[in-house]
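*Asks:* Per this note's numbering, the very first residue in the sequence shown carries number 1; after that it's consecutive.
Fair warning: there could be bad hints in the mix.
[To be verified] Estimated spans, in silico, between C-beta atoms of each pair:
(1) LYS290 to ASP517: 51 to 61 Å
(2) SER229 to LYS265: 18 to 28 Å
(3) GLN88 to GLN481: 55 to 65 Å
(4) TRP387 to GLY6: 14 to 24 Å
(5) GLN561 to GLY508: 20 to 30 Å
(6) PHE103 to LYS294: 47 to 57 Å
(7) GLY89 to GLN356: 45 to 55 Å
(8) GLU490 to ARG67: 19 to 29 Å
(9) TRP387 to ALA360: 34 to 44 Å
[Claimed, not checked] Straight-line Cα separation of at most 25 Å, SDA-like style, residue types lysine to any residue; simulated pairs:
(10) LYS290 to ASP190
(11) LYS137 to PHE103
(12) LYS510 to ARG520
(13) LYS407 to LYS453
(14) LYS137 to GLY125
(15) LYS453 to ASP181
(16) LYS510 to GLY521
(17) LYS492 to LYS510
(18) LYS294 to PHE103
(19) LYS407 to LYS492
(20) LYS98 to VAL8
(21) LYS137 to GLU106
(22) LYS98 to ALA139
(23) LYS510 to LYS294
(24) LYS215 to ARG236
(25) LYS369 to GLN356
(26) LYS265 to ASP253
(27) LYS290 to GLU213
These are computed hints drawn from the structure, not numbers from a lab.
Glycine is no exception: its CB is placed at the ideal position from the N, C-alpha and C atoms.
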Amino acid sequence: MRGASGNVITYNGEVYNYIELRREIGEELFETTSDTEVILRAYEKWGPDCVQKLEGMFAFAIWDEKRGQLFVARDRFGIKPFYYAVSQGGFYFASEIKGLTPFLPEVKTDVNALHDYFAFQFCLGEKTLFDGVRQLKPAHCGYVDPSLGLQQRQYWEVHYNLDWDHTERYFVEQVRECLRDSVTLHMRSDVEVGAYISGGVDSSLVAAMARQERKGERFQGFTGKFSFSESFDESRYAQVLADEHDIQLHQVDISENDFVDDISKVIYHLDQPVAGPGSFPQYEVSRLAKNHVKVVLGGQGSDEMFGGYARYLIAYWEQCIKGALDGTMHNGNYIVTYESIIPNLRTLRNYKPLIQEFMAEGIFDTRDKRYYRLINRSNTFGNVVNWDMFANKASSFDDFKEIFWGKNVGQESYFDSITHFDFKTLLPALLQVEDRMSMAHGIESRVPFLDHKLIELVATVPANIKFQNGELKRLLRLAFQDTLPQAIRERKDKMGFPVPLQVWMKQGGKAREFILDTFRGANARTREYLAPGFDIETMMQQEGLFSRNIWAFLSLELWQQQFHDVHQQTLSI
Numbered sequence: 001m002r003g004a005s006g007n008v009i010t011y012n013g014e015v016y017n018y019i020e021l022r023r024e025i026g027e028e029l030f031e032t033t034s035d036t037e038v039i040l041r042a043y044e045k046w047g048p049d050c051v052q053k054l055e056g057m058f059a060f061a062i063w064d065e066k067r068g069q070l071f072v073a074r075d076r077f078g079i080k081p082f083y084y085a086v087s088q089g090g091f092y093f094a095s096e097i098k099g100l101t102p103f104l105p106e107v108k109t110d111v112n113a114l115h116d117y118f119a120f121q122f123c124l125g126e127k128t129l130f131d132g133v134r135q136l137k138p139a140h141c142g143y144v145d146p147s148l149g150l151q152q153r154q155y156w157e158v159h160y161n162l163d164w165d166h167t168e169r170y171f172v173e174q175v176r177e178c179l180r181d182s183v184t185l186h187m188r189s190d191v192e193v194g195a196y197i198s199g200g201v202d203s204s205l206v207a208a209m210a211r212q213e214r215k216g217e218r219f220q221g222f223t224g225k226f227s228f229s230e231s232f233d234e235s236r237y238a239q240v241l242a243d244e245h246d247i248q249l250h251q252v253d254i255s256e257n258d259f260v261d262d263i264s265k266v267i268y269h270l271d272q273p274v275a276g277p278g279s280f281p282q283y284e285v286s287r288l289a290k291n292h293v294k295v296v297l298g299g300q301g302s303d304e305m306f307g308g309y310a311r312y313l314i315a316y317w318e319q320c321i322k323g324a325l326d327g328t329m330h331n332g333n334y335i336v337t338y339e340s341i342i343p344n345l346r347t348l349r350n351y352k353p354l355i356q357e358f359m360a361e362g363i364f365d366t367r368d369k370r371y372y373r374l375i376n377r378s379n380t381f382g383n384v385v386n387w388d389m390f391a392n393k394a395s396s397f398d399d400f401k402e403i404f405w406g407k408n409v410g411q412e413s414y415f416d417s418i419t420h421f422d423f424k425t426l427l428p429a430l431l432q433v434e435d436r437m438s439m440a441h442g443i444e445s446r447v448p449f450l451d452h453k454l455i456e457l458v459a460t461v462p463a464n465i466k467f468q469n470g471e472l473k474r475l476l477r478l479a480f481q482d483t484l485p486q487a488i489r490e491r492k493d494k495m496g497f498p499v500p501l502q503v504w505m506k507q508g509g510k511a512r513e514f515i516l517d518t519f520r521g522a523n524a525r526t527r528e529y530l531a532p533g534f535d536i537e538t539m540m541q542q543e544g545l546f547s548r549n550i551w552a553f554l555s556l557e558l559w560q561q562q563f564h565d566v567h568q569q570t571l572s573i
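All chains, full assembly: derive it from the sequences and hints.
*Replies:* Okay, structure coming up:
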């Protein structure tokens with residue numbers, strides 16, 4: 001879109017407060033009703049500070065005719081992607097990396113980013129797995145200078161300034177009000193809005209609140225299941241929510257054939273492998289949703305702020321031990337007892353390897369080293385990776401420390417440090433999955449938990465309220481105990497949409513053959529990052545319940561085939 005001033009905007013996303021901004025800027029100035037024009041007018045009125053006014057998900061670039069420069073920006077949380085490359089005398093940018101590869105001199109793997117992938121299953125900071133391609137970090141904006149350098153700044157940050165003056169009741173009321181306001185804003189649409197419902201607390205809560213916004217109207221929800229085993233099927237919880245809140249629930253029963261047919265498409269749409277196997281069922285559920293709605297609400301963002309991951313419970317367990325030994329409040333952490341954690345220990349049942357790794361070098365090491373040890377998955381790969389290729393490269397731990405010890409986090413709070421790291425790193429990776437799997441089917445996915453006012457509020461809540469007695473998402477459950485069915489509110493078996501890859505491999509069917517065939521190719525056997533000891537069949541036999549190692553290497557190999565090998569074949573023609 002071109003404005004009257006000559007400025008031109010290209011934009012991906014949705015600005016939810018466009019109505020309020022139109023009024024503030026002046027209704028008489030607008031020629032259209034689109035939020036694209038709202039961003040363009042906002043830039044003309046406030047310049048680069050316009051990003052402070054925007055509430056929503058966005059990535060955009062504006063050619064400033066007067067300055068003769070390009071202004072670029074990305075939303076606060078990284079919901080929408082922004083990739084760029086400087087090549088062939090130009091600054092290229094796109095919402096998908098595959099849009100940039102034709103302009104690269106060659107398609108190569110960024111070795112430092114690959115080390116991040118082996119450690120975390122995502123890349124830290126601006127890195128991508130493509131050498132020469134960077135991503136604009138969340139909450140950043142800036143101008144491209146004449147030498148094609150991007151002079152960027154961070155325009156927003158979440159500050160963990162703990163509020164010790166207010167009571168639990170105050171925070172419960174504030175969280176309730178903020179989330180309701182956010183859901184209302186995210187429901188703005190000229191088309192029907194539905195919701196993903198996994199059966200967990202987060203998506204169920206968003207769906208229930210959205211249903212309340214649409215009283216008297218049809219409201220549709222979407223879920224997926226692997227029906228052959230309750231261990232991989234949460235649909236019963238989704239059905240409980242649907243029955244209680246009068247939601248029309250659509251279900252897709254995901255099969256082994258779906259995996260074989262679609263997993264390569266999943267990797268293609270992701271642009272680069274990231275996170276765990278959850279992208280595959282997300283792809284299937286999004287395909288289901290596209291036949292019914294064009295906008296879907298999801299529950300991403302809650303785990304990282306309200307404390308929803310089992311590893312937070314491991315950290316809490318450690319605090320139990322240290323608190324009992326010290327007998328005093330130390331560094332602002334509240335005292336806990338063994339008794340307080342016993343009811344929540346069964347959540348850790350499937351995380352014994354993580355606990356073993358976490359405790360391997362004791363509990364009195366520095367906080368950053370302990371958490372790095374807890375989330376670093378590279379040790380589980382053993383001798384199947386050629387670690388020598390990373391010998392002279394930057395350490396993932398150095399990048400980890402820079403994020404972990406953020407200046408916006410109080411040094412006294414262990415839980416804020418670890419949730420902050422996940423908020424800055426894991427969340428954008430999960431949002432990549434959410435966005436790509438939805439957009440692959442023409443679905444716009446919105447995430448009401450990622451409202452900056454709500455996030456700023458939750459960051460001030462002390463851990464003794466947010467995570468008392470090791471109860472995951474305690475504050476959220478308290479705030480909405482009357483909204484969620486009891487069966488969901490009291491769940492302790494968080495699944496995270498697991499894929500039964502291990503079961504399929506043991507059955508010796510199509511999935512197993514597909515994986516074996518993937519690694520039988522000539523190129524697959526010569527990847528530089530694989531050690532001579534790599535053997536996919538041995539890995540299959542040793543794999544744990546969630547098959548994360550198989551997933552990590554399978555995703556990486558499919559990515560190599562689709563982007564690297566295809567590029568080489570094109571060059572040879």
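*Asks:* For each hint, tell me whether it holds in the structure or not.
*Replies:* Checked hints:
The supplied range of 51 to 61 Å is broken by LYS290 and ASP517, whose beta-carbon atoms lie about 30 Å from each other. Distance hint check for SER229 and LYS265: the Cβ-Cβ separation is about 25 Å, which falls inside the suggested range of 18 to 28 Å. Taking 55 to 65 Å as the suggested C-beta distance range, the pair GLN88 and GLN481 conforms, at roughly 58 Å. At roughly 53 Å, the beta-carbon separation of TRP387 and GLY6 lies outside the given 14 to 24 Å, and the hint is violated.
Take GLN561 and GLY508: their Cβ atoms lie about 24 Å apart, and the range 20 to 30 Å holds. Between PHE103 and LYS294 the beta carbon distance is about 31 Å. The supplied range of 47 to 57 Å is therefore violated. Against the hinted window of 45 to 55 Å, the Cβ-Cβ separation of GLY89 and GLN356 comes to about 52 Å, which satisfies the hint. Range check, GLU490 to ARG67: about 57 Å between beta-carbon atoms, so the 19 to 29 Å window is missed.
At roughly 18 Å, the beta-carbon separation of TRP387 and ALA360 lies outside the given 34 to 44 Å, and the hint is violated. Straight-line distance between C-alpha atoms of LYS290 and ASP190 comes to about 16 Å, which keeps the hinted pair within the 25 Å bound. In summary, the hint linking LYS137 to PHE103 is supported, as the alpha carbons are separated by about 21 Å, within the 25 Å threshold. Distance hint between LYS510 and ARG520 is fulfilled; the C-alpha atoms sit about 15 Å from each other, no more than 25 Å.
Restraint check for LYS407 and LYS453: satisfied, since their Cα atoms lie roughly 20 Å apart, inside the 25 Å limit. For the given pair, LYS137 sits about 7 Å from GLY125 by alpha-carbon distance, which is consistent with the 25 Å threshold. Proximity of LYS453 to ASP181 is assessed by CA-CA distance (about 10 Å); at most 25 Å being required, the pair is judged to hold. Of the supplied pair hints, the one linking LYS510 and GLY521 holds, its CA atoms being roughly 17 Å apart against a limit of 25 Å.
With a C-alpha separation of about 33 Å, the suggested pairing of LYS492 with LYS510 is violated against the 25 Å cut-off. With a C-alpha separation of about 32 Å, the suggested pairing of LYS294 with PHE103 is violated against the 25 Å cut-off. Distance check on the hinted pair: LYS407 and LYS492 sit about 33 Å apart at the alpha-carbon level, beyond 25 Å; violated. A threshold of 25 Å between alpha carbons decides the hint, and for LYS98 with VAL8 the separation of about 24 Å falls inside it, so the pair holds.
Between LYS137 and GLU106, the direct Cα distance comes to roughly 24 Å. Compliance with the 25 Å bound is thereby established for this hinted pair. With a C-alpha separation of about 23 Å, the suggested pair LYS98 and ALA139 falls inside the 25 Å cut-off, and the hint holds. A threshold of 25 Å between alpha carbons decides the hint, and for LYS510 with LYS294 the separation of about 33 Å lies outside it, so the pair is violated. Our distance criterion of 25 Å between C-alpha atoms is met by LYS215 and ARG236, whose separation comes to about 24 Å.
For the suggested pair LYS369 and GLN356, the alpha carbons sit about 15 Å apart, so the restraint of at most 25 Å is met. Our distance criterion of 25 Å between C-alpha atoms is met by LYS265 and ASP253, whose separation comes to about 19 Å. The straight-line distance between the Cα atoms of LYS290 and GLU213 is roughly 22 Å, inside the 25 Å bound, and the hint therefore holds.
In terms of the numbered hints stated before, the structure departs from hints 1, 4, 6, 8, 9, 17, 18, 19 and 23, listed from lowest to highest.
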